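Read off the chains here:
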Amino acid sequence: MAGLHRFANPGTFVRISAKVLPWLAGLTAILIGVGLYQALLVAPPEAYQGNVARIMYLHVPSAWNAMMIYGAMAVASATWLIWKHPVADVAAQASAPIGAMFTLTALLTGSLWGKPTWGTFWVWDARITSVTIMLFIYFGYIALRAAIEDGERSAKAGAILALVGSVNLPIIHYSVVWWNTLHQPASVLRAGGPAIVASMLVPLLLLACGFTTYYLTLLIWRMQREIVGRRVRSLRVLQAQG
Amino acid sequence: MSAFGQIVGRDVRLALRQGGGSYWALIFFVLTVTMFPLSVGPDMQLLGRIAPGILWVAAVLAAMLSLDRLFQADYEDGTLELLTLAPLSLELTVLAKCLAHWITTGLPLAILSPLLGILLNLDASAYPVLVLSLLLGTPVLSMIGGIGAALTVGIRRGGVLLSLLVLPLYVPTLVFGVLAIQGHIDATGARPHLFLLSAVLLAATALSPWASAAALRLNIE
Amino acid sequence: MDAISDYLAMGGFAAYVWPAYVITVGAMVGMIVVTLRDLRRDRKALAELEAQNPMRNARRAARATQTTGIAGPEGDDRIDP
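Sequence order for the protein chains is G, E and H. 1 is the number of the first residue of the first sequence in my numbering; add one for each residue after it. 1001 is the number of the first residue of the second sequence in my numbering; add one for each residue after it. 2001 is the number of the first residue of the third sequence in my numbering; add one for each residue after it.
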C-alpha cells in the first residue's frame, strides 16, 4: 500500500497528471478525429439500415462509457471509504458529470436512431429503461454532493450513495428485463441489430477507445479544477475568519 | 422488553401521538388514488386494468412522504447522538426505526388498499395478492428510504433531494409488486414475483442497515 | 457538387444522423470548454489569494484542509524555508 499512498497526495497527482495530460489529450484527439473520419466517410452504409446506422458509432461508445464510468465511480468511492485517499474522492466526484453526459448522449443518439428504424423515438425497452434509471442515479449523486458543503461529509455521503447504487443497478436492470419480457414478448430492438463488418468495426473501436481516453483526459482536468477549487474555498474561509 | 422493541415502541407512539405523519400519509394515499379516475376518466374497465399500477405508485409516494422525518426530529434534539452511544448497535437502531416507520405507514397502507381496490374496480380475487405484495414490498420502501433519510438528515430542506435519491432505487420493488398482482389477474401466476419480492426484502433487510448507519455516523460526528 | 449534397443527405437520414453527431460532439467539446474555463478562473483566484499573504495563508490552509482531504500546495516545501 505504501506505493499506492504516494499517489494519494494531491501534489503527486498534480505533478504526474501534468506529465500524462498532453499525451492523453493528443491521443484522444487522434483517436476521435480518425474515428469520426472513418465513421462518416470510410465505413460503408450498413446493409439493411443504410446510413442511419452511422449513429451506432456514437451511440455504442457513449453507452459503454456511461456504464464504465459508473463502475469507475463506484471503485473510486470504495477506495476512498477504505483508504481515505483524497484523490479517490476527487476522482469519484469529477467522474459523475462525465458519466451523466455520456448517459444522456447515449439516450439521445439512441432516440435519433430509433425513430427511422423502429418508427418511434422511444420504446420502453429493458436496456433503455435501465439506462434512464442510471441517469437519475447519476443526477441524485451530483445533487447530493452539491447539497453538502462540508468536504469530508460530502465525500462520505457520496461514496455511500455510489456504492448503494452499484449494488442496486444490477437488481434494477434485472427487474426491468423481467418486467419487459412479460410486457413485450417480441421486442423490436432484438429484431435486427446491424450486421457488423470489418470496415464498420474499425471506427467503432476507434471511437470506443477515443471516448475512453476522452473520459480520462477530462477526468484529469476536472480533478485539477476540483483540487484548486477546494483550496480556493478553504483559503476564502480562512480569510473571512481573519 | 429489549432495547430494539423499546425504540420501535417509542417511534410508533410518537408517530401516532403527534397526529402527524401516519394519518396524513394514509389520507395522501387515498387522495392520490382519487386523482386517477379524475384524470383518466371514470371508465371502470380501464381503471380495473391499471389499478395495480395506480395503487403501487400511490403507495410508494405515500411511504416516501414521511421519510424525511425518519431521523430528522431525533437529529435536531440530539437523541440520535445518544442512540449512537447506546449499547444497541446503530445498525439495529436504524432497523428498529425503519420497522416503526413501516408499522405506521406501510402496514396501514396495505390494510387499506382493498378499499381503494374497490374504487378502482380491481378484480376482487386479487385483493389477497394486493395486500400480500404491499406487505412484502413496503418494508423495503421503508428500509431503502432509511438510507436516503440518513444521507440527507443534515441538509436543510432535504425532502426533495431525498425523493430524487430514493425513487430510482425503488424500481425493483415497484416492478415486482405490480407484476405479482397482474400475474394473478391474467392467470400467469403471482408466485414468482412474490418470491422475487421476498428476495428483495431479505436483501434490503441484510444490507440497508449498514448503509443507513454509516450515513448517520457521518452526519453525527 | 452533387456528390457532396448526396453525402450530406445521408440517404434521406440527414435529419437523424447529423443531429446525433452534433449533439454528441457538441456535448463533449462543451464540457471540456466549461471545465477549462473554470480551471483557469480558479487558478487565477488561487494565485491572487496566495499573493495576498503567501506564508500565513498557505500554511494555515494546508493545516486546515488536512481534514477535508486536500493538503496544501504542491510546493509545501517551496514555502517552508
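Hints listed in this document are in silico derivations from the structure and should not be mistaken for laboratory results. Heads up, some of the hints might be wrong.
[Said to hold, decoys possible] Derived pair list, reagent style DSSO-like, types lysine-lysine, alpha-carbon separation capped at 30 Å:
| no. | chain 1 | residue 1 | chain 2 | residue 2 |
| --- | --- | --- | --- | --- |
| 1 | H | K2044 | G | K115 |
| 2 | H | K2044 | G | K19 |
| 3 | G | K19 | G | K115 |
[Stated by the list, open to error] Which stretches of chain G does chain H cover? Using the computed rule of at least three CB atoms under 8 Å from a CB of chain H, they are:
| no. | region |
| --- | --- |
| 4 | 42–52 |
| 5 | 57–70 |
| 6 | 98–104 |
| 7 | 107–114 |
| 8 | 222–236 |
[Said to hold, decoys possible] Far from chain H, by Cβ distances over 12 Å, these chain G residues were calculated:
| no. | residue |
| --- | --- |
| 9 | W23 |
| 10 | I30 |
| 11 | L36 |
| 12 | V123 |
| 13 | T129 |
| 14 | A146 |
| 15 | L169 |
| 16 | I171 |
| 17 | Y174 |
| 18 | A198 |
| 19 | L218 |
Computed from a predicted structure; not experimentally measured. Beta carbons: idealized from backbone N, C-alpha and C, even for Gly.
A quick look at each hint next to the structure:
1. H:K2044 to G:K115: violated (47 Å)
2. H:K2044 to G:K19: Holds, because 21 Å separates the two Cα atoms, which is no more than 30 Å.
3. G:K19 to G:K115: Given pair G:K19, G:K115 is violated - Cα atoms ~45 Å apart, limit 30 Å.
4. 42–52: holds (count 4)
5. 57–70: holds (count 3)
6. 98–104: This one holds; 3 residues, not fewer than the three required, reach chain H with a Cβ under 8 Å.
7. 107–114: Per the Cβ count (4), the hint holds.
8. 222–236: Since three or more residues must qualify, the claim that chain H covers the region 222–236 of chain G holds, with 12 doing so at under 8 Å.
9. W23: The claim holds: G:W23 sits with its nearest Cβ about 16 Å from chain H, beyond 12 Å.
10. I30: Consistent with the label, G:I30 stays out of reach of chain H, its closest Cβ about 15 Å off (over 12 Å).
11. L36: The claim is violated: G:L36 sits with its nearest Cβ about 8 Å from chain H, within 12 Å.
12. V123: holds (16 Å)
13. T129: It holds; G:T129 is separated from chain H by about 21 Å at its closest Cβ, greater than 12 Å.
14. A146: G:A146 clear of chain H: closest Cβ-Cβ about 14 Å, beyond 12 Å.
15. L169: At about 23 Å from chain H, G:L169 clears the 12 Å cut-off, so the statement holds.
16. I171: Answer for G:I171: holds, closest chain H Cβ roughly 29 Å.
17. Y174: holds (29 Å)
18. A198: holds (21 Å)
19. L218: violated (6 Å)
Violated hints, listed in ascending order, are 1, 3, 11 and 19; each of the other numbered hints is respected by the structure.
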